[in-house]
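Undergrad: Let the sequences and hints guide you as you build the complete structure.
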Amino acid sequence: MELQKIREKLDKIDRSINYLIFLRMSAAVLVGETKKEQDLPIFQPEREKEIYQRQKVFAEERGINEQLLIQISKLLIEETVVIEEKILSNSRTYEEEEQLDIWEKLEQSEKSLEDFLAVMEEMKI
Numbered sequence: 001m002e003l004q005k006i007r008e009k010l011d012k013i014d015r016s017i018n019y020l021i022f023l024r025m026s027a028a029v030l031v032g033e034t035k036k037e038q039d040l041p042i043f044q045p046e047r048e049k050e051i052y053q054r055q056k057v058f059a060e061e062r063g064i065n066e067q068l069l070i071q072i073s074k075l076l077i078e079e080t081v082v083i084e085e086k087i088l089s090n091s092r093t094y095e096e097e098e099q100l101d102i103w104e105k106l107e108q109s110e111k112s113l114e115d116f117l118a119v120m121e122e123m124k125i
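Residue numbering for the sequence shown follows our numbering, beginning at 1 and increasing consecutively.
Careful, some of the hints might be misleading.
[Stated by the list, open to error] In silico lysine-lysine, DSSO-like type, Cα no more than 30 Å apart, as pairs: (1) 35 to 124; (2) 36 to 111; (3) 124 to 111; (4) 124 to 49; (5) 36 to 86; (6) 111 to 74.
[Stated by the list, open to error] Listed next, with one range per pair, are the computed distances between beta-carbon atoms: (7) 25 to 4: 24 to 34 Å; (8) 123 to 82: 27 to 37 Å; (9) 50 to 118: 19 to 29 Å.
Derived by calculation from the structure, the hints in this document are not laboratory data.
Note that CB positions come from ideal geometry on N, CA and C, so glycine has one too.
TA: See the structure below:
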């Protein structure tokens, strides 16, 4: 296979990862606003354990580096905490309209994400 074609596929995958991270951070805004409304703590160790456990299982099933997935998850969680801390400290608040816009983007992406996951699960990769 031609190297340039492989690199083009990698570039598409990287762009996809970037958009997925954007969606995850958008969801973090909604989580932060919800925690603020319900007076919940930012740090929830059980949730973090669940995430790491899912990464471990995924890595084992697919024969990839477990620590890589866990490190990526840790970075995402750290950034989520930053977002939530800003929301809870009122140094950054999101207007209801912004929240609805974020929610709409997440809802619009839901079908595409479900389709993608279904294809990946079906391929058993």
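Undergrad: Take the C-beta atom of residue 25 and the C-beta atom of residue 4, compute their distance, and say whether it sits inside 24 to 34 Å.
TA: 32 Å, holds
Undergrad: For the pair supplied as a hint, residue 36 and residue 86, is the alpha-carbon distance within the 30 Å limit?
TA: 11 Å, holds
Undergrad: A range of 27 to 37 Å was offered for this pair. Does it hold for the Cβ distance of residue 123 and residue 82?
TA: With a Cβ separation near 35 Å, residue 123 and residue 82 satisfy 27 to 37 Å, so the hint holds.
Undergrad: Need the status of pair residue 124, residue 49: alpha-carbon distance at most 30 Å?
TA: 25 Å, holds
Undergrad: Does residue 111 pair with residue 74 here, judged by a C-alpha cut-off of 30 Å?
TA: 27 Å, holds
Undergrad: Check whether the Cα positions of residue 124 and residue 111 lie no farther apart than 30 Å.
TA: 20 Å, holds
Undergrad: Looking only at beta-carbon atoms, does the pair residue 50, residue 118 fall within the given range of 19 to 29 Å?
TA: 22 Å, holds
Undergrad: Is the Cα-Cα distance between residue 36 and residue 111 30 Å or less?
TA: 29 Å, holds
Undergrad: For residue 35 and residue 124, compute the direct alpha-carbon distance and say whether it is at most 30 Å.
TA: 36 Å, violated
The structure does not agree with numbered hint 1 stated previously, though it agrees with all others.
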